[in-house]
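There are 2 protein chains.
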Amino acid sequence: MSREQAKVREVGPRDGLQMVQRILSTEQKLDWCRKAAEAGIAEIEITSFVPPQVVPQFADAVDVALGAVAMGSFTPAALVPNQKGAERAFDVGVPVVNYVLSASEAHNLANVRRTTEESLSAFGAIVAMRDRAEGVRTHLGGCIATAFGCTIQGDVPEAGVLEIARRYAEMGADEIIVADTVGYGDPKQVRRILSAVVAEVAPLPVACHFHDTRGLGLANVVAALEAGVRAFDASLGGLGGCPFAPGASGNIATEDTAFLLESLGFDTGVRFEPLLALRQQLEIWLPEECFGGAIARAGLPKTFEYQR
Amino acid sequence: MSREQAKVREVGPRDGLQMVQRILSTEQKLDWCRKAAEAGIAEIEITSFVPPQVVPQFADAVDVALGAVAMGSFTPAALVPNQKGAERAFDVGVPVVNYVLSASEAHNLANVRRTTEESLSAFGAIVAMRDRAEGVRTHLGGCIATAFGCTIQGDVPEAGVLEIARRYAEMGADEIIVADTVGYGDPKQVRRILSAVVAEVAPLPVACHFHDTRGLGLANVVAALEAGVRAFDASLGGLGGCPFAPGASGNIATEDTAFLLESLGFDTGVRFEPLLALRQQLEIWLPEECFGGAIARAGLPKTFEYQR
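In order, the protein sequence lines correspond to chains D and E. Residue 101 in the working numbering sits at position 22 of the first sequence; the count goes up by one each step and never skips. Residue 153 in the working numbering sits at position 74 of the second sequence; the count goes up by one each step and never skips.
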């Protein structure tokens, strides 16, 4: 009997590294991708096309993208915050490009110095650019950051989140990604908002991007599953936050998310042994970083079995 | 509009301290209880009536119990693994006595050197002892440990868990407590087992006791809520396990559990400021222990408000 699939998408090389001071080499980043793919991860957000002076870690975005595309063992995705970034991503042929804006006006202004409306309008130009291009059609994700609340603005109106999802879909997005950028979401809110977004943009797929800032990351995954979501961003070892730093905001851990999904009966394709070996490699590469997650320290239950 | 109540029961002074090497003084334990009660915790598992040579930490069980009963600001509960323990708890007048056995035969044999059936039969004698006693009727909880799997035995048959719950209820238990002693449970299993137990013993209340060993503790709380459970054991700072020790198996953190429940709209009665201050006190008292939980490091969301 074949099981329903659910995807864990590794975003560590992008969101995990975003705040990390130590610059990983292009080769290390590609090694990370190669080994994650070997462990069964089918899609990896490999980099962000932002100016190097903004995030020095992504100065090698083009080289990482070229290397990842050449690898062929997984689907590389890149994050872009504007038209310029999208152009660079299209130029190197990244098959998935995720555009990001914040539902929180205050957060969007702080992040990209434009209103949410200005960012949203720019997506239209990106779609047009995509549609003009020759060759394989780029898959465009529309990401809604701070969809569950914002550290700057506080509450974020749910109607605004829905409206952004609707307009993304109208403009030609291939997927909507709803992100709890600051870890404010709770399972009730997640179920309510995701049910609404899924209904609004159907049959377009909807993915979620959760941070585990307040311990509710995996509970939020369960809530999103109930709303019909089947793809989740996560970073290996929960990289991107520190369990000891105040306000730290790491992604949900890839390995714990895969464990949860497999436990619930979903087929993630993930193999835990090589994934946890890769995590150990990462801990060596990034000795200053804090790695979280539970499966790496506790191991899988004795009763765990791949249901295939 | 009044909200539905959900209880977080502090079990740190019992389950949290069980494996801790440093012996807290009776006064410290009572101070913990006093401050937890001031922070809105209505029920606290204060100690375990086991032989001092087995768990030296609980050598002062009688004094802690007498002190807690005298306090009057919360409902003290005690854990007992056998008739002798129950007798001691009754003698000092602890109003809630939770009897524990393991659904896993192998775990029960390792823990109390009796079969699960022998332990279950002994509960009948404890109920009889309770019913013979004069004065206020003791509330008897029947706890089913390793209900979701066992590190020794592996799988634990769900029919056995249901059967134990049914017999506990028949014999005169006032509440059933279903415990994931080793952190093997996942939300799907929790919803399935708890729905069955709740239906089996209705209208008897059913509580849950989760450990966060593999990161699913709070997701399991949500699943149990959906099955109708409204009371959860937890320990402040997740005491009872270490995020860095292999196989460590701390309880879900009291403060994170309360945050989750409040976020979902339940009224826990908990005030976070004094609760987190108490946690800081505990960290000073127990410098060798690892404290976990997310709310203590990240703070409540800016958007959080007590809905009352």
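Some hints could be false.
Calculated cross-link-like contacts (lysine to any residue; reagent style SDA-like; alpha-carbon spacing at most 25 Å) [as the list claims (entries may be wrong)]: (1) E:Lys-267 x E:Lys-381; (2) E:Lys-381 x D:Ile-231; (3) D:Lys-381 x E:Leu-241; (4) D:Lys-267 x E:Gln-359; (5) D:Lys-381 x E:Lys-381; (6) D:Lys-381 x E:Thr-230; (7) D:Lys-381 x E:Ala-275; (8) E:Lys-267 x D:Ile-231; (9) E:Lys-381 x E:Pro-366; (10) E:Lys-267 x D:Pro-284.
If you are wondering where the hints come from, they were derived from the structure by calculation, not from laboratory data.
Against the structure, the hints come out as follows:
1. For the proposed pair E:Lys-267 and E:Lys-381, the alpha carbon gap of about 32 Å is over 25 Å, so the pair is violated.
2. Among the hinted pairs, E:Lys-381 with D:Ile-231 is consistent with the structure: their alpha-carbon atoms are about 9 Å apart, no more than 25 Å.
3. Distance restraint check for D:Lys-381 and E:Leu-241: the Cα-Cα separation of roughly 22 Å lies within the 25 Å cut-off, and the hinted pair is therefore satisfied.
4. Taking the CA atoms of D:Lys-267 and E:Gln-359, the gap is near 30 Å; set against the 25 Å cutoff, the hint is violated.
5. For the suggested pair D:Lys-381 and E:Lys-381, the alpha carbons sit about 40 Å apart, so the restraint of at most 25 Å is broken.
6. For the hint pairing D:Lys-381 with E:Thr-230, the CA-to-CA distance comes to about 6 Å; that is within 25 Å, so the pair holds.
7. With a C-alpha separation of about 24 Å, the suggested pair D:Lys-381 and E:Ala-275 falls inside the 25 Å cut-off, and the hint holds.
8. For the proposed pair E:Lys-267 and D:Ile-231, the alpha carbon gap of about 36 Å is over 25 Å, so the pair is violated.
9. Taking the CA atoms of E:Lys-381 and E:Pro-366, the gap is near 30 Å; set against the 25 Å cutoff, the hint is violated.
10. At most 25 Å may separate the alpha-carbon atoms for a hinted pair to count; E:Lys-267 and D:Pro-284 meet this at roughly 24 Å.
Violated hints for the displayed structure, listed by number in ascending order: 1, 4, 5, 8 and 9.
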